Every structure is written in C-alpha cells, then in structure tokens.
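Residue numbers (the numbering used here), protein chains in the order written: chain G, 1 to 280; chain C, 281 to 703.
Calculated from the structure, these hints are not laboratory results.
What you are looking at is a predicted structure, and each value in this text was computed from that prediction instead of being measured.
One or more hints might be untrue.
What the hints assert, rightly or not - Dumping the calculated EDC-like pairs for lysine to aspartate or glutamate here, alpha-carbon to alpha-carbon at most 16 Å:
(1) Lys-669/C <-> Glu-631/C
(2) Lys-161/G <-> Asp-692/C
(3) Lys-632/C <-> Asp-583/C
(4) Lys-669/C <-> Asp-634/C
(5) Lys-549/C <-> Asp-582/C
(6) Lys-510/C <-> Glu-535/C
(7) Lys-159/G <-> Asp-683/C
(8) Lys-681/C <-> Asp-692/C
(9) Lys-161/G <-> Glu-520/C
(10) Lys-159/G <-> Asp-701/C
(11) Lys-618/C <-> Asp-634/C
(12) Lys-549/C <-> Asp-213/G
(13) Lys-679/C <-> Glu-660/C
(14) Lys-159/G <-> Glu-520/C
(15) Lys-159/G <-> Asp-523/C
(16) Lys-161/G <-> Asp-634/C
(17) Lys-345/C <-> Asp-389/C
(18) Lys-618/C <-> Asp-683/C
(19) Lys-168/G <-> Glu-567/C
(20) Lys-159/G <-> Glu-505/C
(21) Lys-544/C <-> Glu-520/C
(22) Lys-161/G <-> Asp-582/C
(23) Lys-632/C <-> Glu-653/C
(24) Lys-455/C <-> Glu-232/G
Claimed, not checked - Not the full set, but computed from the structure, chain G residues with beta-carbon under 7 Å of chain C:
(25) Leu-125
(26) Thr-128
(27) Ile-158
(28) Arg-169
(29) Thr-175
(30) Asp-213
(31) Gly-237
(32) Arg-239
(33) Arg-241
(34) Gly-260
To be verified - Among the chain C residues that face chain G by a calculated CB cut under 7 Å, a handful are:
(35) Pro-310
(36) His-459
(37) Tyr-536
(38) Lys-544
(39) Cys-546
(40) Lys-549
The C-beta atom is built at its ideal place from N, Cα and C for all residues, glycine as well.
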Amino acid sequence: MAWLLFRLALLLILLATGGMIVFIIRQKKGIFRWSYRILFAGFLVHTLFLAHQFAVLGTAPVLSLKSALGFFAWTVTGIYLLFQLRYRLMVLGSFIAPLAAILLILSTSIPGSESVAVRPLFKSLWLTFHVLTVFAGDGMFAVAFAAAVMYLLQERQIKRKRFGSLYKRLPSLETLDAINHRALVLGFPLLTLGLVTGAIYAQQALGRFWRWDPKEVWSLITWLAYAVLLHERLTVGWRGRRAALMSIACFLLLIFTFVGISLISSDYHSFRSLEGAAVP
Amino acid sequence: MIRIVTIGMNHRTAPVELRECLARDPQNVPRALVALQENAAIREGLFLSTCNRVEVLCTTDASEKAHEGVVSILRGLGGVPDGEILEGLYVLEDTACVQHVFQVASSLDSMIVGEPQILGQLKEAYVQATQRRMSGVILNRLMHRAFHVAKRVRTETGISDAAVSISYAAVELAKKIFHELTGRKVLLIGAGEMAELAARHLLGNGVSDLSVANRTFGRAVEVAEEFRGKPVSFDEIGSELLDADIVIASTASPEYVITYEQVKGCLRKRRNRPLFFIDIAVPRDVEPRVNELGNVYVYDIDDLKGVIEINRAQREQEAVKAQRIVQEEVLRFERWLKTLGVVPTIVSLKEKVDAIRRAEIRRSLTSLGPLTEEQERVIEVLTVSIAEKIIHDPIVTLKRKADRPSRDQVLDVTRQLFHLDES
Numbered sequence: 001m002a003w004l005l006f007r008l009a010l011l012l013i014l015l016a017t018g019g020m021i022v023f024i025i026r027q028k029k030g031i032f033r034w035s036y037r038i039l040f041a042g043f044l045v046h047t048l049f050l051a052h053q054f055a056v057l058g059t060a061p062v063l064s065l066k067s068a069l070g071f072f073a074w075t076v077t078g079i080y081l082l083f084q085l086r087y088r089l090m091v092l093g094s095f096i097a098p099l100a101a102i103l104l105i106l107s108t109s110i111p112g113s114e115s116v117a118v119r120p121l122f123k124s125l126w127l128t129f130h131v132l133t134v135f136a137g138d139g140m141f142a143v144a145f146a147a148a149v150m151y152l153l154q155e156r157q158i159k160r161k162r163f164g165s166l167y168k169r170l171p172s173l174e175t176l177d178a179i180n181h182r183a184l185v186l187g188f189p190l191l192t193l194g195l196v197t198g199a200i201y202a203q204q205a206l207g208r209f210w211r212w213d214p215k216e217v218w219s220l221i222t223w224l225a226y227a228v229l230l231h232e233r234l235t236v237g238w239r240g241r242r243a244a245l246m247s248i249a250c251f252l253l254l255i256f257t258f259v260g261i262s263l264i265s266s267d268y269h270s271f272r273s274l275e276g277a278a279v280p
Numbered sequence: 281m282i283r284i285v286t287i288g289m290n291h292r293t294a295p296v297e298l299r300e301c302l303a304r305d306p307q308n309v310p311r312a313l314v315a316l317q318e319n320a321a322i323r324e325g326l327f328l329s330t331c332n333r334v335e336v337l338c339t340t341d342a343s344e345k346a347h348e349g350v351v352s353i354l355r356g357l358g359g360v361p362d363g364e365i366l367e368g369l370y371v372l373e374d375t376a377c378v379q380h381v382f383q384v385a386s387s388l389d390s391m392i393v394g395e396p397q398i399l400g401q402l403k404e405a406y407v408q409a410t411q412r413r414m415s416g417v418i419l420n421r422l423m424h425r426a427f428h429v430a431k432r433v434r435t436e437t438g439i440s441d442a443a444v445s446i447s448y449a450a451v452e453l454a455k456k457i458f459h460e461l462t463g464r465k466v467l468l469i470g471a472g473e474m475a476e477l478a479a480r481h482l483l484g485n486g487v488s489d490l491s492v493a494n495r496t497f498g499r500a501v502e503v504a505e506e507f508r509g510k511p512v513s514f515d516e517i518g519s520e521l522l523d524a525d526i527v528i529a530s531t532a533s534p535e536y537v538i539t540y541e542q543v544k545g546c547l548r549k550r551r552n553r554p555l556f557f558i559d560i561a562v563p564r565d566v567e568p569r570v571n572e573l574g575n576v577y578v579y580d581i582d583d584l585k586g587v588i589e590i591n592r593a594q595r596e597q598e599a600v601k602a603q604r605i606v607q608e609e610v611l612r613f614e615r616w617l618k619t620l621g622v623v624p625t626i627v628s629l630k631e632k633v634d635a636i637r638r639a640e641i642r643r644s645l646t647s648l649g650p651l652t653e654e655q656e657r658v659i660e661v662l663t664v665s666i667a668e669k670i671i672h673d674p675i676v677t678l679k680r681k682a683d684r685p686s687r688d689q690v691l692d693v694t695r696q697l698f699h700l701d702e703s
C-alpha cells in the first residue's frame, strides 16, 4: 500500500516535471496547466503516503536519509504550490519541479527501508514540530534558491545585452527579487523555530539543549549565514545580484548541512544513528 | 512620358541635424505642398516628413525641372546651404521609386525595421496631399497599393512582431527590470523627438512621475508642461538620481552628463533599487562604465537596436520574404502603369466605334418609320453588342501588349487601322 502510494507520487511528480520542462521550451499554457494539476495530484498522493508513514512510525518519517530526502521533496513541492497561488508565475515551476523530482529520485535510489524500528525516544511531538518547521524553512530556502538562479540568468542577459531564448521566458528582475525576498523572510523564522524546537526536544529527550554535535554546529552556521543575508537585505538594502549570489551560497551550505554532515558524522543527528544504532 | 520621382533623405543618407532642420517645423508640410502645387513641372505631389526621413514624392513630365524645383523647395524649408542638402539627397525614378515607396510604407526602410509608425505617417501625408488636390490617378493608385503592400508585409511576414520602435524596446526592457511601471519615476535629461517619444511611451505604460532637466531651464519648463512633469535645473540631476527609476538622456552634450562616480555615489542612498538608463544621445550622455555597477543598467541606442534584433536570423528571413512581396507588388503596379499608355488609344477606339454606331442608328431610324419604344431599345442593344464584340479583341490585344516592347508598334497599327488620329 505505502509502496504503491510512493510510486504513484513519484510517477506523477516526474510526469509534472517533464511537463514543466516542456512548458518552458514550448511556452504553451495548456501544458503548464496540466503539469500543475498533475503536480498537485502528486503532492496529494505524497501527502497520503507520508501520513501513512507517520501513522505507522508514530513520528515524522525522516529517520533515514532516504525518507528525509523524500520528505524534503514533499515540502519543496508544497511550498512551491503555495507560492504559485500567490505569484502565479508559471516559469517558477519549471525550475522548482525538477528540484523536487531530483530529491525524490535520490530518495528512491538510496537503498534502505522506509520503516525501521523506531525507538520510543523519537516519538515526541517536539520532534515532529522540529522536523516540520525545519523542513518548511528548507522548502522556503529552496524556492529562494530557484528564484536566485533565475534572477542571475535573467540579470546576466540584461546586463550583457545578449538575449537568449530564456529572456522572454523568465519574468522581470523585480519579480524574481521579490520572490527571493519573500521566501527568505518566511523561511528564516521557520528555520529559527525549527532550531528552537529542536533544542527543546533535545532538552526533553537527552537532557541538554545543545550538544555541539556537527549537525548542530553546521545548522547554526547555516542559520547565521541566512541571518546575515536577511539583515543585509532588510537594513542595508542589499538586493539583486548580490543577494541572489548570497542566497545560492546559503542554500548550498544548507544542503551540505542536510546531506553532507549527516553522512560524514556519526553523532546522534546522523541517519546511521537515527536508523537504530545506539547513540554514542 | 510621365515619371514617378522620389527625392529625399533618410537616416542613412543624411545626418540627424540636417533632417531635423527640415522636419522640425510642423508648418513645413503645408508650405511644401503649396510650393509643389505652384511648380508647373509637377503634376502630383506628396510631402512626407518624419524624424527619420524627409521626402517628396511626385509625378512629372519634365523630371529635370521637377528635380530642381523640389531641391529648391527643400532648401527653402530648412534654410540649409545647397551643397549640404544635395549631399544627403537621393533621387529615385520609376521602378526604383515605386519599390522605395513600398519599402517605406511597409517599414523595411525604417531605422527600426518593422516599426509601425511610418505607415500612419505616410497615410497622414497622403491625406494632406489629397486635401490640396495634389494627388491624381497615379499617386492615388500608388498610395493605395503601398498601403496594401504594407498590410501584406505585416500579415504575411513576422517582421513587425517582435519589435516596434526604440521606445517600445525601451519600455519592454524596463518591464523586464521593474515588472510594473506604475508608480515608477522617470527623469528626462535633454529633450528631443526620440526622448519625448520614449517618455510618452513610458507614461502610457503607467509611469506617472516625470522630471525634466534641460540646460536651458525654459525648455525644461516647456517639455515638463507637455508631460505634466516637474522641471528641474541641470544642477539638480544629482539629487534627482536618488529618486529616479528610469533616466532617459538625450542631450547634445559632447561629454558625459552622467558619470560613473556620480551614479556610484548615490547607489547606497538609493538602497540599491534598480536604475535604468536609456541613453538616446549620440555622442553618449551616460558613461558606459556605469553599466558595470550593480543593479544599474545602461542601454544606448545601439543596444536598444540590438534588443530588437533578438531573433536576427529569423528576422532576416522574414525580411527576404517581405522584399519578395514588395517586388511582386512593384511588378503588378508597373503593369498597371504601362496600361496607362494604351488607355488613350482604347478610349478613342471606343469613342470612334460608338460615334459610328450612333450615326448609323440615327440614319436607319428615320427610314424604319415609327417604332415602339421596345423596338427602339432592341435596336440599341443589338448595335451596342455588335460594336462591343467587334472591338473586344483589339482592346484585349492592346491591354495584353501594354507591358510588352511591341506595344508602340501595336498602338501605331491600331491607330492607323481605325484612323484614330484623323480628327
């Protein structure tokens, strides 16, 4: 059942991604409309799958890298759908849907089981809250990242006065900068909330708010990087190219914290330990 | 022998100062038309004046005299010395002239190929010519064909799709930078036709706030009034840069009006809001290095032309298609023009036959005695159809020979056979 749901979601999202890519090439609104509907359907099926996993595991299904990537794909899709409601910017989908698709493909290609035996330690509301807010923040930053990439592509064409086929297809600089800004402003409090709830959970489960394990340290660094970006944007008035470059750098840092550290380190945040090994 | 002649200058042949001298005064159009009317050598005439071209189109029996007349008219309008005017002038006759007119109408000869304004300007010039009864058979036909060609080129080729004029391109770019132009602030530095056109285009797209700076403050006030903007002095440009979003520069200044240091200095105070310079001036008003600053975009007139040439290869292909349409229509027009040569013969042939027919009826009716109206009508119809059928073939032959080299010979024979030249 769960397997079927996941496969169906994957199929729908891949289909939608293909449609979005065809859309940016052919520029037919009909293609976008159908891709958007398919993506929405995929998102719903994925939600069902995650709800099922949640019910089975009794906690947020992010205990292995495999399921964490899948969960990340889900938040990215969901937040894109929200942004689409607000901005109605079709081309955004052509950049974000592939990101969600890549995350999902990575998730399926990693060997591992979806349902490991969950230690009671993880069955906490604080943990669920921690995971949801962190991932929602990450989803926002993914949108900010996509908008930043689009901004740089468009800005380069306008600055160099050489116009490729993307020029017509990409929206105005102002729009892209606004999306980047909005995603940052929304993402940062979510990430902050994620870190705070994580600390509260750690206090409850492990007796300490902060353990200085690598994931925590890198998360803090990522958080600080985003804090600097947001600060520069809000007070100094950074915008445009520099803000876009910085938000891309921040997102790469975030991915490193998310995937890299989890693989390298063996501390309790790492997936190896989450999957069942005893906390050292 | 009637010839169609164009004498004029455009953006390729004459410098902008010279064109401006001739195009500036709106009173020049009626003045030129009156002068054309008074010239005995010119039968029909039309005067076209836009910011990129000044042209006289006329038909004449004596092209030498007409040529001289037109040059002196142009000289009279601008007060420019002879030598200077003659240098920029082109003279096109007959086929070349027709082709030129078609190209102008379909905007293939424009500075920005495909821009739609020229057709309207040509129509306006034609209306003014007709109001003064300066347009006859040939010019009427030529103009209507030209409008037809322009329509064909517009609908059958993609030449006017992408870009339309420099000001249009500037607005499109501004939209790619600012998304919405509503509420944006424009600073106009210096004024000229192109700059005002761009400003008008921006205002038409939602810009509401406009400042005008000019070295002569009086002129700034004048232009500002026209756009309901705010006149500012040249020294205030620095402070205006803090608020402006779009700057259109078009002064005649030989050195830069906007410098790198000046723009760099105001970026932080502007909180890095994007700033878009449209530099229409030649030589340029905005230091090109300004484009290197973050969130600042500088487009000069060549860049704007580049924008319009985004799909250059495709546009060139479309231009070939458009040229083919023009050629096709030129041939068609020439064929018509040549039939004009056989028309007098056909007319006198018809007149002669009809005269014979009437004379014969008159004679026969008296000897036929009293007839009913119905019978008279039948005889009338009968003779008309006999006469028409007899001369039908000769007329068709004449028309067919109209554009052949053997035309004059056939005309000669016809006139001799039917004795058309006796009276």
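Outcome of the hint check:
For a cut-off of 16 Å, the pair hint linking Lys-669/C to Glu-631/C stands: about 14 Å separates their Cα positions. Our distance criterion of 16 Å between C-alpha atoms is broken by Lys-161/G and Asp-692/C, whose separation comes to about 65 Å. With a C-alpha separation of about 67 Å, the suggested pair Lys-632/C and Asp-583/C falls outside the 16 Å cut-off, and the hint is violated. For the proposed pair Lys-669/C and Asp-634/C, the alpha carbon gap of about 12 Å is at most 16 Å, so the pair holds.
About 30 Å separates the Cα atoms of Lys-549/C and Asp-582/C, which puts this hinted pair outside 16 Å; it is violated. With a C-alpha separation of about 25 Å, the suggested pairing of Lys-510/C with Glu-535/C is violated against the 16 Å cut-off. With a C-alpha separation of about 56 Å, the suggested pair Lys-159/G and Asp-683/C falls outside the 16 Å cut-off, and the hint is violated. Distance check on the hinted pair: Lys-681/C and Asp-692/C sit about 12 Å apart at the alpha-carbon level, within 16 Å; holds.
For the hint pairing Lys-161/G with Glu-520/C, the CA-to-CA distance comes to about 26 Å; that exceeds 16 Å, so the pair is violated. Taking the CA atoms of Lys-159/G and Asp-701/C, the gap is about 75 Å. The hint is violated against a cut of 16 Å. Proximity of Lys-618/C to Asp-634/C is assessed by CA-CA distance (about 25 Å); at most 16 Å being required, the pair is judged violated. Distance check on the hinted pair: Lys-549/C and Asp-213/G sit about 43 Å apart at the alpha-carbon level, beyond 16 Å; violated.
Only pairs whose Cα atoms come within 16 Å are accepted, and Lys-679/C paired with Glu-660/C is rejected, the gap being roughly 27 Å. At most 16 Å may separate the alpha-carbon atoms for a hinted pair to count; Lys-159/G and Glu-520/C exceed this at roughly 23 Å. The hinted pair formed by Lys-159/G and Asp-523/C fails the criterion: a straight-line CA distance of about 21 Å is larger than 16 Å. The suggested pairing of Lys-161/G with Asp-634/C is violated, with an alpha-carbon distance near 72 Å, which exceeds 16 Å.
For the hint pairing Lys-345/C with Asp-389/C, the CA-to-CA distance comes to about 27 Å; that exceeds 16 Å, so the pair is violated. Between Lys-618/C and Asp-683/C, the direct Cα distance comes to roughly 6 Å. Compliance with the 16 Å bound is thereby established for this hinted pair. Taking the CA atoms of Lys-168/G and Glu-567/C, the gap is about 28 Å. The hint is violated against a cut of 16 Å. The straight-line distance between the Cα atoms of Lys-159/G and Glu-505/C is roughly 34 Å, outside the 16 Å bound, and the hint therefore fails.
This hinted pair checks out: Lys-544/C and Glu-520/C have alpha carbons roughly 14 Å apart, not beyond 16 Å. Under the criterion of a C-alpha separation no larger than 16 Å, the hint pairing Lys-161/G with Asp-582/C is consistent with the structure, at around 10 Å. A threshold of 16 Å between alpha carbons decides the hint, and for Lys-632/C with Glu-653/C the separation of about 26 Å lies outside it, so the pair is violated. A hinted pair counts as satisfied when its Cα atoms are at most 16 Å apart, and Lys-455/C with Glu-232/G does not qualify at roughly 26 Å.
Taking 7 Å as the C-beta cut-off, the interface hint given for Leu-125/G is violated, the closest approach to chain C being about 43 Å. The closest approach between the C-beta of Thr-128/G and any C-beta of chain C is roughly 39 Å, which is over the 7 Å cut-off, so the hint fails. With a cut of 7 Å, the hint placing Ile-158/G at the interface with chain C holds, because the nearest CB-to-CB distance is about 6 Å. Taking 7 Å as the C-beta cut-off, the interface hint given for Arg-169/G is violated, the closest approach to chain C being about 11 Å.
Of the supplied interface hints, the one on Thr-175/G holds, with its beta-carbon coming within about 5 Å of a beta-carbon of chain C, less than 7 Å. With 7 Å as the threshold, the beta carbon of Asp-213/G stays out of range of chain C, its nearest partner Cβ sitting at about 39 Å, so the hint is violated. Residue-level restraint check for Gly-237/G holds (minimum Cβ-Cβ distance to chain C is 3 Å; threshold 7 Å). The beta carbon of Arg-239/G is positioned within 7 Å of a beta carbon in chain C (closest approach about 5 Å), and the interface hint is therefore held.
Of the supplied interface hints, the one on Arg-241/G holds, with its beta-carbon coming within about 6 Å of a beta-carbon of chain C, less than 7 Å. Contact between Gly-260/G and chain C, as hinted, is not supported at the beta carbon level, the nearest pair being about 31 Å apart and thus beyond 7 Å. Hint status for Pro-310/C relative to chain G: violated, with the closest Cβ pair at about 43 Å, above 7 Å. The closest approach between the C-beta of His-459/C and any C-beta of chain G is roughly 4 Å, which is under the 7 Å cut-off, so the hint is satisfied.
Look at Tyr-536/C: its Cβ only gets to about 19 Å from chain G, farther than 7 Å, so that hint breaks. Checking Lys-544/C against chain G: minimum C-beta separation of about 15 Å lies over 7 Å; hint violated. At about 12 Å, the closest approach between the beta carbon of Cys-546/C and any beta carbon in chain G exceeds 7 Å, and the interface hint on this residue is violated. Using the Cβ-Cβ criterion of 7 Å, the hint placing Lys-549/C at the interface with chain G is not satisfied: the shortest such distance is roughly 9 Å.
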